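Chemist: For reference, the chains in residue letters:
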Amino acid sequence: MGCLRHYPLGRGGRGDSGLSEARCDARGNMRVIRGLLIAIAALGVIVGGYAWRSSFAPIDRPQASSFPVENVKAGAVLAAIGNCATCHTRDGGAAYAGGRPIVTPFGTIHATNITPDPSTGIGGWSEPAFIRAVREGVSRDGRHLYPAFPYDHMAKMAESDIKNVYAFLMTRRAQVSASPANELAFPFNIRSLVAGWKLFFLDRGGFTQDASKTAEWNRGAYLVEGLAHCGSCHTPRNVLGAEDKSRAYAGADVQGWTAPALGATSVAAVPWTGERLAEYLGKGRSPQHGVAAGPMADVIGNLAQVPDSDIKAMATYVASLAGAATKERQERGARAIARAGGEGAVTRPAAAAAPGASVYAGACAGCHGEAGRQPLDPALNLALSTTVRAASPNNLVRVVLGGIGRTDNQPGPHMPGFANALTDKQIGDLLEYVRANFTDRPVFAGLDVAIRKARQ
Amino acid sequence: MANEKVDVVIVGAGASGSAFAATLAKAGKKVVLLDSGPDWKNEDLISSEMWGRRIRPAGPPFLHEGKNPFGYVGQAGWGVGGAALHYFANFPRYLPTDFKMKSEHNKGLDWPISYEDVAPYYDKVADEVGVSGDAKSEEIWRPAGKPYPMPPMKVFKAGQIWKKAADSVGMRLVPAAVGMNSVEYKGREACIYDGWCSSGCPTGALANPLVTYLAEARAAKAEVRPMSTVTRVLTNAEGTRAIGVEYFDGKRERQVQEASIVILAAWTGQNPRILLNSATDKHPNGLANKSGLVGKYIMTHHIANAWAMMDEDVQPHMGTVGAQYMSYDRYPKTTNPNAFGSSYIVAGTSFKMHDYAGSRGDLFGPELAAHMKKAAKGLIRMNMFGEEKPNAENRVELVTQKDEFGMPLAKIVHSYDEDAVALWNANIDAGAKVAKATGAKETWSPRGGMPTSHLHGGTIMGKDGGSSVVDSYGQTHDISNLWIAGPGVFPTEGASNPTYTIFAVARRGADQLVSKWGSVAG
Chain P
1 MGCLRHYPLG RGGRGDSGLS EARCDARGNM RVIRGLLIAI AALGVIVGGY AWRSSFAPID
61 RPQASSFPVE NVKAGAVLAA IGNCATCHTR DGGAAYAGGR PIVTPFGTIH ATNITPDPST
121 GIGGWSEPAF IRAVREGVSR DGRHLYPAFP YDHMAKMAES DIKNVYAFLM TRRAQVSASP
181 ANELAFPFNI RSLVAGWKLF FLDRGGFTQD ASKTAEWNRG AYLVEGLAHC GSCHTPRNVL
241 GAEDKSRAYA GADVQGWTAP ALGATSVAAV PWTGERLAEY LGKGRSPQHG VAAGPMADVI
301 GNLAQVPDSD IKAMATYVAS LAGAATKERQ ERGARAIARA GGEGAVTRPA AAAAPGASVY
361 AGACAGCHGE AGRQPLDPAL NLALSTTVRA ASPNNLVRVV LGGIGRTDNQ PGPHMPGFAN
421 ALTDKQIGDL LEYVRANFTD RPVFAGLDVA IRKARQ
Chain W
1 MANEKVDVVI VGAGASGSAF AATLAKAGKK VVLLDSGPDW KNEDLISSEM WGRRIRPAGP
61 PFLHEGKNPF GYVGQAGWGV GGAALHYFAN FPRYLPTDFK MKSEHNKGLD WPISYEDVAP
121 YYDKVADEVG VSGDAKSEEI WRPAGKPYPM PPMKVFKAGQ IWKKAADSVG MRLVPAAVGM
181 NSVEYKGREA CIYDGWCSSG CPTGALANPL VTYLAEARAA KAEVRPMSTV TRVLTNAEGT
241 RAIGVEYFDG KRERQVQEAS IVILAAWTGQ NPRILLNSAT DKHPNGLANK SGLVGKYIMT
301 HHIANAWAMM DEDVQPHMGT VGAQYMSYDR YPKTTNPNAF GSSYIVAGTS FKMHDYAGSR
361 GDLFGPELAA HMKKAAKGLI RMNMFGEEKP NAENRVELVT QKDEFGMPLA KIVHSYDEDA
421 VALWNANIDA GAKVAKATGA KETWSPRGGM PTSHLHGGTI MGKDGGSSVV DSYGQTHDIS
481 NLWIAGPGVF PTEGASNPTY TIFAVARRGA DQLVSKWGSV AG
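Going line by line, the protein sequences match chains P and W. The first sequence runs contiguously to residue 456 in this note's numbering. The second sequence runs contiguously to residue 522 in this note's numbering.
No lab work stands behind these hints: they were computed from the structure. Heads up, a few of these hints could be off.
With a straight-line Cα cutoff of 27 Å, these simulated DSSO-like cross-link-like pairs (lysine-lysine) come out [as the list claims (entries may be wrong)]: (1) P/K73 x P/K312; (2) W/K377 x W/K433; (3) W/K516 x W/K5; (4) W/K516 x P/K425; (5) W/K377 x P/K283; (6) P/K213 x P/K312; (7) W/K221 x P/K425; (8) W/K221 x W/K186; (9) W/K154 x P/K425; (10) W/K290 x W/K463; (11) W/K433 x W/K154; (12) W/K290 x W/K374; (13) W/K107 x W/K124; (14) W/K157 x P/K425; (15) W/K374 x P/K283; (16) P/K453 x W/K157; (17) W/K41 x W/K186; (18) W/K402 x W/K282; (19) P/K245 x P/K213; (20) W/K373 x P/K283; (21) P/K213 x P/K327; (22) W/K373 x W/K441; (23) W/K157 x W/K463; (24) W/K124 x W/K154; (25) W/K67 x W/K102; (26) W/K154 x P/K453; (27) W/K154 x W/K164.
For the chain W half of the interface with chain P, some residues (derived, Cβ under 8 Å), not all of them [to be verified]: (28) S47; (29) M50; (30) V155; (31) F156; (32) E189; (33) C201; (34) G204; (35) M310; (36) Q315; (37) H317.
Nothing here was measured: the structure is a model prediction, and the numbers come from that model. All residues carry an ideal CB built from backbone N, CA and C; glycine is no exception.
Looking at chain W on its own, in the form it has when it is part of the complex (with noise of 0.2 Å):
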């Protein structure tokens, strides 16, 4: 069966596709998603963590290897919506100083962009999927932008802890900006704070991309077709001009979807995997990789949380799974004297039963059950997100073993290097001191393996074609009509959750590929 030939096809209907998707089909083009899941429906979301498990699943499979093997915790996806379907919706943003840390510290990369390229974005995203917080609270931190279109959200008692104990130790805490609205909002709904959006919000008051770029998309006749796994970019005889993709339908029949322009919208770790096994005799090392720097520079944020067991009932069921407040505070990229690298904080945030087990992983049996007991009371949590540089030996590379479709598997080398270490230390201590303060009697800070989040690089963007893979907009250097995107473009990953910045990067991407269609569709 032949499919007909499309201006667009978009590999992965998660936040970068979606946004790609939506701006282009507005722009009057054929687009087709192909997603590797289910065409999951805001009807499918249930707030139950039974149920929600089923659209966790953390996308395709992986080999892990190094000191800091990269370990799933839901910052991936699979089907329609992708990660973005049960993420936490935090919104902080990208602070100028990521953009110049080779400048600045001499240290890593540079972006080829500044915080003034996407700050516009950050804006025109802000109106189009829906951001409430408080814009100019965040001023003392960044370059004043635009308000939210939404005032803060409700803040709950584990808020107002955490408030009064930062403030008791100077640390500067500000309304949360996420993705939720506070208010109804473009025809979705306030949020409920039930404290489930982990699970799929399936109110639409979270702005996952099946209520935001994917529904604009749907609207302007974009096609998602969903159990579609993609295998490779096809590439014309010469090897200069990607024609399409090869996927696997849902009963595994091998399909092929040309397209005047292909992106790579697929999970940071699988475009490069796809990349590398699109390999022809014209590009040997795999499509887009002049450079040999294709699964190259991945980086993962770190984690350090602090706990607290309160005496009192804070409801700590209630509430967002993202946060009720947060810092820049730390963000500074040389905030501790032996560490490196950029921290962002957030604190307050809601819990269900495994939270409640989860909090303490050392625990077993009754006295488990006890913590438990007083967790599902008085639990509450900060936390803070930690930076790695970039470094060149944490990689996407293929293996020989192959999956179903004889696709080779790949694996994620991943290790953390000294600063980062120092860094997750010194925020574990950081936060332990806000903890303390909070006057609970029983605060903990686990130092077990050290943990791995959001999944960033692999298919970075530069100024040319020698050191990187993209450029700012995601247009391949190799391959003018092969786009990649999503936060594997990054070249550094900041400390602030991605999402609000890989849809910023993507609808900036996908106004300059409309700007310049002519030319690089041909």
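So that you can see chain P by itself, here it is in the shape it has in the complex (with noise of 0.2 Å):
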């Protein structure tokens, strides 16, 4: 459906960022894309009322007692993979009721209610129309659901951990909860629309095993690829806002953050190993890359609740992505390394040469370090910051205005934001400043574009 995406809405997303800040491709071609759709749906009434589904009688809501706790169990650790809470809980809702806002470039789609109401939640579905809606994006009454459920990568699940989340889901508590009318332009208010969308890009194969890969790279692939749906937002969408597998893993932009690229385009200094996302994705940082934010500190919350076996597979075969560090890429890590070791460092310039750096040094320097200083528990090194070498400033400007983790009672890195306290112009020049000092990449463009669009 045009450039509907599942769009993670993170503590630092807010979700209510407005059409523009949900950068997609398709943004400009808007008329074609219509006429695209058009096309489809009609092409779906000819191939035979191919819209058309059946729906699933009610039923009445399940005793919890009548799932066994394993399943249950199980299920709650599939559910956390799955980041399902994010989308559907709302800003200080109960979890799993919904309501939650996904802002997209055609409209605003609210996260439908999934706890056990028989009303206004997912009490009256029976397990094959769960199975089904998570398969095929399509609702127990028959409606087809808007891809921003990302089933397009749970069609993969197997059906017995589908059967599990149901599980864990109708052994919550019952929240009634009716989750506000989506707001969406026409035609993208046809949902029978969206079956042709699928006729094109929803894969109902499933997973197939790459019998030459080990059993944790595959069980990583599964996730990856399925349930953890990892590429919708690090997989840039095409015109139709579906993911371009032709540039699978390449990074996008999404609710004004950038999702970096996972493969061999990936910017980091550093390569990643597995055992390094491993620690990343269990942590939430890596000294050598960075420190979880925005969407992403949502997914990592989410996976504290995985066993880390699941972690390492997920990390092992997010590693394989990019393939071999070349040479060239090894290097690349090395001189960070020793930049990040105080190699080459300057004493800190004069603020009329670079005024950014004494503002680097008043609200920085003191966790981050400085030229021959580091702190006794340093914050990331700003050298080996994967943010800092990012083509766009979008993430370094919303970690600057908002900080890190102020989640209460939550451990892990912590940074305060200094949106209250710092001018665009001190944010500008401090930017330009870590860039030019900690990294060998060019001069960030649209910076002030970017601060600008952030404070929003």
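Take the two lone chains, each set in its own frame, and fit them into one complex as the hints suggest.
Modeler: Right under this line is the structure:
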């Protein structure tokens, strides 16, 4: 459906950043898309009532005790890997009770209530109805679901796993909470158009093992390509809003944040390894790469409930996407590590020469260190930060403004936000200095615009 | 190695020493500043409690006696820039009443000068080092003067809460006058409000000596000689003139620096120690001590804290360690019927981890952890500095133990009198009332040991050599080319943070020294 996409809405995402924030390549091609969609819909009709799907009769809400405890437990872990709660929970609302607005270029979709309330949730859904929804994107009553729900990934799930998630959700406390109606412009408000979209972009083949790879790799691929739906954020979209498989994991913009490239095009200074990725996914930080922020911070929060073996499997698979590090990439990493260790470091330049240097000294150096001086328990060395090296300054600007990890009672990295303290000019000066001082990358393009936008 | 004789040797490169140095060097005098600590540069400053501690050791060692022994907090310094390298840069001024305690109340002492003598220098200093604030709003309490060169600083949530609470109980708060840049000023950047002032401001937005008077002095060819510990002022055989100072350099080798003028601008406790240690057969009780008052009338401010824990996130780490708002509403010395002395109020300061812990010194373990968690979001504070009367029993004197250079150590004997204790208690009550008015569920005002802070006196100014050590410019009554600078020359301490007045009095003294150079330098 056009540029509808799965927008994980992290604490940093806030979900209300408006149409202009949700970047989509298709934005300027609306007319073309509309034409295409109508053609696809027509095709769907021609193919013979393809769009029509049957309804599963509502059932009485199953007793919670009818689900074996081990299935519920397994489902809890799977729901965490799938980040279900992130989208299906509104700010300050009950978990899984829905209502979170998901802003897209085509309008706002409100996540549904997936607690077992019979009237407003999925209490009346039978197990087969739930399995069909997850695999085919069709509601119990036969309506097509918008692919904001990433069933293009979920379709790879094993039936047993879907059943466990069902067991988990059906044993949650029922919440009476009706989600607001979606606010989509014509023709995107016609659900049957989604049927046409699925013809092109929904792969119903399930997950296929690669016998040439290890069991761990296969487990990781199963989770990453399926339930965890990493590509929803990290793979760029085509004009119809579907993931462009030819550029899988090449990175994309989501809610003003940039989901970085995970493959060979990663700008990370030091090449990722499976071990480093496992550390990052488990703890939300990797000293040689960065700290999870924005939507990814929620993902990390969910993964805290996931066994190490699954995290390691996902890490192994994701690390394999980039292939073995080339000599050039290894050298780049070595240079960055040397720089982080103080090689070539110069004393803080005079404020007149680099106005951002003194802002850095005042606001940043105490934790991040500076030439020849590292704190006892240093925060990320910026010479190693993927975010500082990124093509777009978006993530860096957002972290400086909003900080990291302000959630109460959560251990882990913490950085204060400087939105109330620094002027736009001071942030611009600071980030220009940081980019020049800690990386060999060209100056940020569009820094001023990024700061202004993030302020809104 | 002989050092070439210079026009002026200044002992101590802190607030008062650098103000003297800038004035004299710009007047063409050859100036050498000797400082016992490192040659700190702005590049050495870093916004971190761990790193900040390096610049905050509290100066030379002293022994402490009395009912309320003086405790080092942060109002002393070590190294170039002195305590003003890590001060909060609150810039309230002394009010007219501070200069006339004796004549108005028949208590304590009078200054030999009045507010009107110092006021022009408040205005000059504001322009020279850069002060932000709203001078007009202060004129409900003091005579009119020039506007400050910069508008008030940004107000953060804590400040807004205190303002509202103070309004509701009839306390007038106005934007705090601070030695910081609310906007770019004289090539120095605007403040970034990250709240680490007390670790040393690395951006140059805060008016520490390195970016103000010391920079001017250096530009005018003054030499700063760090790691140089002065032990004695040397006098001629007749005992009529100072000829220079004896000091130990970084290699602990004895050196002599001769000069036409000697200015003691070391820490308030250290100036008397040097004078007493400089005794000769002509000056058996120490230099400039014919009055017997060297070391006498040591005074410190007590502080009453009112804390409140807000439910909302006030981002307590942001802002400045100085204040967002201030009030002289409790400045009249008879504000409280059963107490005596001025009080100066500040509200809304930034906090760091150690402040979260220090705000409840009575908690340990899990209770402290829970408190700090809350504090990191909701902690706010108002504090009231209070005055004590000058009392000759509060004093610095030498003891028999010696330091590494063979110089006798000194002790500081200090006790608060009944007036000060009563004022402190009244201030705690007054602060608690405002704290409750914030609406916070949790407010507290600790009454543990009575704190000490800014140190004054010990080399007080006065009309004549019988009742004081120096005149209003800092010139000693006994030896015309020996001068003293800093808050040690204040005969009363008011309640305001002293540095603005230290700068003003030192600039006034330095101008005087330049204008009568010929007759003084000889």
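Chemist: For each hint, tell me whether it holds in the structure or not.
Modeler: Going through the hints against the structure:
1. P/K73 x P/K312: 20 Å, holds
2. W/K377 x W/K433: The given pair, whose Cα atoms are some 22 Å apart, holds under the 27 Å limit.
3. W/K516 x W/K5: 20 Å, holds
4. W/K516 x P/K425: Judged against 27 Å, a Cα distance of about 48 Å means the pair is violated.
5. W/K377 x P/K283: The hint holds at about 24 Å.
6. P/K213 x P/K312: 15 Å, holds
7. W/K221 x P/K425: Between W/K221 and P/K425 the Cα gap is close to 35 Å, so the pair fails against 27 Å, i.e. violated.
8. W/K221 x W/K186: 20 Å, holds
9. W/K154 x P/K425: The hint holds at about 16 Å.
10. W/K290 x W/K463: 14 Å, holds
11. W/K433 x W/K154: The hint holds at about 26 Å.
12. W/K290 x W/K374: 57 Å, violated
13. W/K107 x W/K124: 31 Å, violated
14. W/K157 x P/K425: 23 Å, holds
15. W/K374 x P/K283: 24 Å, holds
16. P/K453 x W/K157: Judged against 27 Å, a Cα distance of about 24 Å means the pair holds.
17. W/K41 x W/K186: OK: W/K41 and W/K186 at ~19 Å, within 27 Å.
18. W/K402 x W/K282: OK: W/K402 and W/K282 at ~23 Å, within 27 Å.
19. P/K245 x P/K213: It holds: about 21 Å lies between the C-alpha atoms, which stays within 27 Å.
20. W/K373 x P/K283: Distance of about 21 Å is within 27 Å: holds.
21. P/K213 x P/K327: 24 Å, holds
22. W/K373 x W/K441: Given pair W/K373, W/K441 holds - Cα atoms ~16 Å apart, limit 27 Å.
23. W/K157 x W/K463: Not satisfied, since the Cα-Cα distance of roughly 48 Å exceeds 27 Å.
24. W/K124 x W/K154: 24 Å, holds
25. W/K67 x W/K102: 25 Å, holds
26. W/K154 x P/K453: Holds, because 23 Å separates the two Cα atoms, which is no more than 27 Å.
27. W/K154 x W/K164: 16 Å, holds
28. S47: Holds, because the Cβ-Cβ distance from W/S47 to chain P comes to roughly 4 Å (cut-off 8 Å).
29. M50: W/M50 check passes; min Cβ-Cβ to chain P is 6 Å, inside 8 Å.
30. V155: W/V155 check fails; min Cβ-Cβ to chain P is 10 Å, beyond 8 Å.
31. F156: 7 Å, holds
32. E189: Nearest chain P Cβ about 6 Å off; hint holds.
33. C201: 7 Å, holds
34. G204: 6 Å, holds
35. M310: This hint is violated: W/M310 lies away from chain P, its Cβ roughly 15 Å from the closest one there, beyond 8 Å.
36. Q315: 6 Å, holds
37. H317: OK, holds: W/H317 within 8 Å of chain P, min 6 Å.
Consistency note: the structure conflicts with the earlier hints numbered 4, 7, 12, 13, 23, 30 and 35.
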